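*Asks:* Top line first, the protein sequences correspond to chains A and B.
Be aware that the first sequence starts at 5, since it is given in the working numbering, and climbs by one per residue.
Be aware that the second sequence starts at -8, since it is given in the working numbering, and climbs by one per residue.
Please keep in mind that the hints were generated in silico from the structure rather than gathered at the bench.
Zero decoy hints are in this set.
Heads up, simulated SDA-like pairs for lysine to any residue below, C-alpha to C-alpha not over 25 angstroms straight-line:
1) K69(B) x G58(B)
2) K62(A) x S42(B)
3) K62(A) x R(-6)(B)
4) K331(B) x M96(A)
5) K62(A) x I(-1)(B)
6) K322(B) x F438(B)
7) K62(A) x D(-2)(B)
8) K62(A) x S44(B)
9) K322(B) x F369(B)
10) K62(A) x N49(B)
11) K62(A) x L100(B)
12) K62(A) x T227(B)
13) K62(A) x V38(B)
14) K13(B) x V16(A)
15) K62(A) x P47(B)
16) K62(A) x P43(B)
17) K13(B) x T17(A)
18) K13(B) x I20(A)
19) K62(A) x V112(B)
20) K62(A) x I180(B)
21) K62(A) x E101(B)
22) K69(B) x E95(A)
23) K331(B) x P355(B)
24) K62(A) x G58(B)
25) K13(B) x D91(A)
No experiment lies behind these values; they were computed from the predicted model shown.
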Amino acid sequence: MNETLAALIPIVTVFILAVFVGLEVIAKVPQTLHTPLMSATNAIHGVILVGGLLVLGKAENLLMTIVGVSAVLFGTLNVVGGFVVTDRMLEMFRSRKGKKS
Amino acid sequence: MSRELIDIGYLVAAVCFILSLKLMNSPVSARRGNWVAMFGMAVALVVTMFSPSIQPANLAWIGAAVGVGAIGGFVSAKRVQMTAMPQMVALLNGLGGGAVALVALFEFLEADALGHHAASVQGITTVLSAIIGSISFSGSLIAFGKLQELLPGRPLTFKGQQVFNLLLLVVTLAMALAILAFGQATIPIFVGLVVASLVLGVSGVLPIGGADMPVVISLLNSFTGCAAGLAGFVLTNNALLIGGGLVGASGLILTLQMCTAMNRSLGNVLFGAVGSEVSAGGKAISGKQPKSYSPEDAAILLTNANTVVIVPGYGMAVAQAQHQTKELAGKLMGMGIDVKYAVHPVAGRMPGHMNVLLAEADVPYEQLFELEQINPLFPETDVVLVIGANDVVNPAARYDKTSPIFGMPILDVDKARTVIVSKRSMNPGFAGVDNELFLNDNTVMVFGNAKTSIAKISTALDTYA
Chain A
5 MNETLAALIP IVTVFILAVF VGLEVIAKVP QTLHTPLMSA TNAIHGVILV GGLLVLGKAE
65 NLLMTIVGVS AVLFGTLNVV GGFVVTDRML EMFRSRKGKK S
Chain B
-8 MSRELIDIGY LVAAVCFILS LKLMNSPVSA RRGNWVAMFG MAVALVVTMF SPSIQPANLA
52 WIGAAVGVGA IGGFVSAKRV QMTAMPQMVA LLNGLGGGAV ALVALFEFLE ADALGHHAAS
112 VQGITTVLSA IIGSISFSGS LIAFGKLQEL LPGRPLTFKG QQVFNLLLLV VTLAMALAIL
172 AFGQATIPIF VGLVVASLVL GVSGVLPIGG ADMPVVISLL NSFTGCAAGL AGFVLTNNAL
232 LIGGGLVGAS GLILTLQMCT AMNRSLGNVL FGAVGSEVSA GGKAISGKQP KSYSPEDAAI
292 LLTNANTVVI VPGYGMAVAQ AQHQTKELAG KLMGMGIDVK YAVHPVAGRM PGHMNVLLAE
352 ADVPYEQLFE LEQINPLFPE TDVVLVIGAN DVVNPAARYD KTSPIFGMPI LDVDKARTVI
412 VSKRSMNPGF AGVDNELFLN DNTVMVFGNA KTSIAKISTA LDTYA
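Please construct the entire structure, taking both the sequences and the accompanying hints into account.
*Replies:* Okay, structure coming up:
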């Protein structure tokens, strides 16, 4: 159990710190950017694609391959679609002077 | 590539994600922020491909799935209308949730095949990410259906729904415990767990009114982030841990901010079934008829004004009337009339929805006013032009304690001298609440599609100018 615990602590540390950074960084975003922000964070959780790639990479039978391929497909759609949609929203803010809000 | 190099790649990605969110604090740097996140994501994905656990035999599958996903994602994201963004985000979020659930399913299949005991940290996080990912998947699809109007926007409720949901949650958790206790050969229970979670997502979102969908999407966005972070525990992967944790936290903050903007609690949004009974709130509106004006008459009202405030709402978004609106505003300003836009924080179906559309039409930032800035100005405003907004200008929110939207900060357009409302019909808004504003003595209605009506008013202005 001690070994498991020792392996777990760095993981929990990273996760908890990430949560706190998320809370701090987000609190300052102006209302205007809430939709693009939701869209951008939506794309960022597409990082699950990393997990999809890792599992599909170790698939050993047909069932695992089907599950893995679906995960990678969904994850890729999430990442690519998410970033492109966000970019389209933000494109509209180009060549403008930023307004304090 | 060694494990260390891969981890350094993930560190780069994590720093990019955090920087990206920081850059999104300002409209000037927001687009760059998105690019930084893209770069970080690319780094994370590329180094992952060098992981020793990826067997060469599976590379073809990976290539095919990524290829199809990338092309499909790119094309659909490029084609989707700006007005359909909320449901697009819902759909993409659902896919992300589905991906998490599938990764968890795979891990479970593998652990089962290897004969691992599930009652470990790995087991617990696998089960949790399967539950949360599944809820996010089915819940987002329902939100998508409501926004796309494939499903009715009003809350779908049945007797004992909350009890049913609670029971379902208990059953889900019981199955989770059963899996953790027995460990092996529990694939049927795992499938049951996923199915129960999917049903929970559906029955949790169905009773929520269409107007509250942004809050739901934002919350489910946070869910997917959490689930992805939990998958990071399973795979001992820093990219997942940090990316998921960041999104889980940010999504929650955003959700709470949206609730604050509507002066409601998250619990009220999720369980209040707001908008289910049209007659539940608001004074019983007697047989009074609204005053219907032609676009030409509305144009005359506008030309006689010195100050005009335009209030855009979802109606402008659906009709894609933002360009006509800008043109109309341009003509009014050409006549020396002062024109401002009043943007309610939850107008449309996402916070900032109106800002995005008006930005698309090249409306200068200086003309956009927020709730607190514009409300004191309404009593001195000659004409307010409401384009397809409803709940955000409903005076009942100020005083009628029985109204479902009581307490929501609204734009006080009824205090202006004259209000012109462009609207398709007298139907209640997305929240399903009647609006007495339309029957006020100083309100005139211009019925019809917003794009057509605004274009007609605009043309009429040329005649009277």
